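Trainee: Listed below, chain by chain, are the residues.
Number of protein chains: 2
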Amino acid sequence: MIWIYVTMAGMIEAYLKKINQGLADLLTDVNRRYGLSRISPQLARYSKEFVLRKGKRIRPLLFVFGYEGYTCRPTADIRGLFTSAASIELLHDFMLIHDDVIDKSALRRGKPTLHKLFDQKIRLADHAKIGPELAIVAGDILFAVAIEALLAIRENPERKELALRKLVATAAHTGAGEFIDVVFGHQRLEDLTEKDVFLTYTLKTAKFTVECPLVMGALLAGAKRQEIGRLSSLGIAAGQAFQLYDDFLDLFASQKIIGKPVLSDLVEAKKTLMVIKAYR
Amino acid sequence: MIWIYVTMAGMIEAYLKKINQGLADLLTDVNRRYGLSRISPQLARYSKEFVLRKGKRIRPLLFVFGYEGYTCRPTADIRGLFTSAASIELLHDFMLIHDDVIDKSALRRGKPTLHKLFDQKIRLADHAKIGPELAIVAGDILFAVAIEALLAIRENPERKELALRKLVATAAHTGAGEFIDVVFGHQRLEDLTEKDVFLTYTLKTAKFTVECPLVMGALLAGAKRQEIGRLSSLGIAAGQAFQLYDDFLDLFASQKIIGKPVLSDLVEAKKTLMVIKAYR
Numbered sequence: 001m002i003w004i005y006v007t008m009a010g011m012i013e014a015y016l017k018k019i020n021q022g023l024a025d026l027l028t029d030v031n032r033r034y035g036l037s038r039i040s041p042q043l044a045r046y047s048k049e050f051v052l053r054k055g056k057r058i059r060p061l062l063f064v065f066g067y068e069g070y071t072c073r074p075t076a077d078i079r080g081l082f083t084s085a086a087s088i089e090l091l092h093d094f095m096l097i098h099d100d101v102i103d104k105s106a107l108r109r110g111k112p113t114l115h116k117l118f119d120q121k122i123r124l125a126d127h128a129k130i131g132p133e134l135a136i137v138a139g140d141i142l143f144a145v146a147i148e149a150l151l152a153i154r155e156n157p158e159r160k161e162l163a164l165r166k167l168v169a170t171a172a173h174t175g176a177g178e179f180i181d182v183v184f185g186h187q188r189l190e191d192l193t194e195k196d197v198f199l200t201y202t203l204k205t206a207k208f209t210v211e212c213p214l215v216m217g218a219l220l221a222g223a224k225r226q227e228i229g230r231l232s233s234l235g236i237a238a239g240q241a242f243q244l245y246d247d248f249l250d251l252f253a254s255q256k257i258i259g260k261p262v263l264s265d266l267v268e269a270k271k272t273l274m275v276i277k278a279y280r
Numbered sequence: 001m002i003w004i005y006v007t008m009a010g011m012i013e014a015y016l017k018k019i020n021q022g023l024a025d026l027l028t029d030v031n032r033r034y035g036l037s038r039i040s041p042q043l044a045r046y047s048k049e050f051v052l053r054k055g056k057r058i059r060p061l062l063f064v065f066g067y068e069g070y071t072c073r074p075t076a077d078i079r080g081l082f083t084s085a086a087s088i089e090l091l092h093d094f095m096l097i098h099d100d101v102i103d104k105s106a107l108r109r110g111k112p113t114l115h116k117l118f119d120q121k122i123r124l125a126d127h128a129k130i131g132p133e134l135a136i137v138a139g140d141i142l143f144a145v146a147i148e149a150l151l152a153i154r155e156n157p158e159r160k161e162l163a164l165r166k167l168v169a170t171a172a173h174t175g176a177g178e179f180i181d182v183v184f185g186h187q188r189l190e191d192l193t194e195k196d197v198f199l200t201y202t203l204k205t206a207k208f209t210v211e212c213p214l215v216m217g218a219l220l221a222g223a224k225r226q227e228i229g230r231l232s233s234l235g236i237a238a239g240q241a242f243q244l245y246d247d248f249l250d251l252f253a254s255q256k257i258i259g260k261p262v263l264s265d266l267v268e269a270k271k272t273l274m275v276i277k278a279y280r
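Residue numbers (my numbering), protein chains in the order written: chain A, 1 to 280; chain B, 1 to 280.
No lab work stands behind these hints: they were computed from the structure.
The model shown is predicted, which means the values in this text are computed figures rather than measured ones.
Same chains, same names: a pair is fine if it fits in one copy or spans any two.
Below, a list of computed lysine-lysine pairs in the DSS-like style, where the Cα atoms sit at most 27 Å apart:
1. K121 to K104
2. K116 to K129
3. K48 to K121
4. K271 to K111
5. K104 to K116
6. K195 to K48
7. K129 to K195
8. K104 to K129
9. K56 to K111
10. K271 to K129
11. K54 to K111
12. K111 to K270
13. K121 to K270
The whole structure should be built from the sequences, with the hints applied where relevant.
Mentor: This is the structure we're talking about:
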């Protein structure tokens with residue numbers, strides 16, 4: 001049992017290294033091939049710096065697991081697998097950048113948000129603060145790069161098309177989840193139902209963080225329709241549970257356990273499911 | 001000669017009808033299939049209203065021409081051609097929505113910009129004005145829909161992948177053009193070179209409006225590499241000429257000819273190539 005755990009941990013470590021390398025190589029390549037470093041060195045440099053910050057990389061890991069679970073080829077032989085896995089991380093980065101603009105956040109992954117970074121680093125004659133405007137566009141570009149990244153894997157083109165359809169459907173769903181979440185933030189607690197809040201959990205966390213990466217990997221590996229259906233149900237349920245547990249930890253765990261201040265959901269007046277339940 | 005002109009005009013009219021129908025059908029389908037109308041009726045309704053506003057549809061038209069010019073199949077037989085053509089129009093809409101947020105514009109195509117529409121139509125308990133935040137997300141969703149639209153055409157999957165790579169590379173280039181354009185707007189005229197301004201023309205207009213749709217169509221039709229190279233050069237040159245002529249008309253034509261007030265570039269203090277040249 002311990003042996004399995006050690007092997008798993010070692011494998012995850014090795015995969016994380018490959019995912020991070022895939023991200024770094026991709027951005028170097030894109031900046032060169034699209035000429036971004038020439039068009040705007042600041043755009044290229046700070047977007048890359050933002051993406052390569054330390055993160056959990058849970059989505060690309062699940063993508064690789066989804067692929068491994070259904071393929072009959074040895075993973076080491078699959079050219080471009082880890083670059084494709086980076087696509088879902090880039091989609092996440094693009095959304096974080098836009099969310100930070102929307103929420104006017106100053107910090108992300110322990111460093112300035114991208115719009116703050118642009119404001120600090122780009123010198124303008126009129127000293128205007130246009131970081132948020134520039135970060136909207138930088139996020140859009142990362143969305144484009146995310147799509148391209150997915151195409152990197154050497155796999156059957158029909159499967160790639162299925163995985164791509166899953167990626168863009170999930171991007172649309174996550175966007176819709178963010179849309180209603182922003183609206184809910186300006187509504188009264190008594191006007192929101194548990195169903196409303198649970199829908200944002202499903203769209204913003206369950207589908208995007210867990211279901212989509214698993215299903216994309218499985219689609220690329222050629223999993224059958226029925227298997228995809230099961231994996232999707234599993235991913236959504238696991239993702240919903242993850243979000244509920246996250247809410248729970250924020251209220252009842254210690255800073256030592258969750259690695260960030262507790263009760264921060266309450267401080268930010270987030271309308272979590274537990275807040276709604278407590279209010280009722 | 002007149003006969004050719006009449007035939008061309010009739011053909012364009014017929015294509016425009018199919019493109020508009022393709023856009024309408026796609027949005028109805030996406031709103032239903034992604035459940036957007038259920039998640040947020042306002043998001044679904046106003047995004048659709050925005051996209052279906054009267055526009056020139058020059059990009060999807062060039063896409064269809066690019067396809068027709070290189071295919072050996074009769075266009076009428078190609079299922080999904082006009083839905084695929086709609087992809088470049090949706091990409092344009094997504095960019096317009098974000099540009100309008102960045103420029104804080106109030107009108108687009110003679111009606112309120114999408115963020116203004118959200119502010120007018122979405123009632124919030126705290127009366128906050130969050131239209132721009134919501135429009136950023138609505139734009140992101142249309143980008144996802146644009147990618148899906150491109151996949152509609154019944155064509156060889158390798159060709160579809162090539163066309164998709166072109167679409168996302170162009171989205172990245174147009175974004176980079178917008179990025180430097182926003183920065184240039186806050187710099188002194190004397191600090192900008194003709195080369196700087198011409199680069200924004202190439203990225204924002206020539207590649208996006210002319211070259212990309214033509215080349216995407218040709219790639220889907222299976223045009224050879226060398227032909228694509230030629231078409232790309234032609235598209236970029238035509239697009240640059242189009243932008244220069246547009247600048248010229250703004251200064252020297254009449255409102256009757258261009259259908260909008262003349263000298264508006266000067267009123268908006270746009271740093272056009274002619275302004276830079278006049279300043280030197």
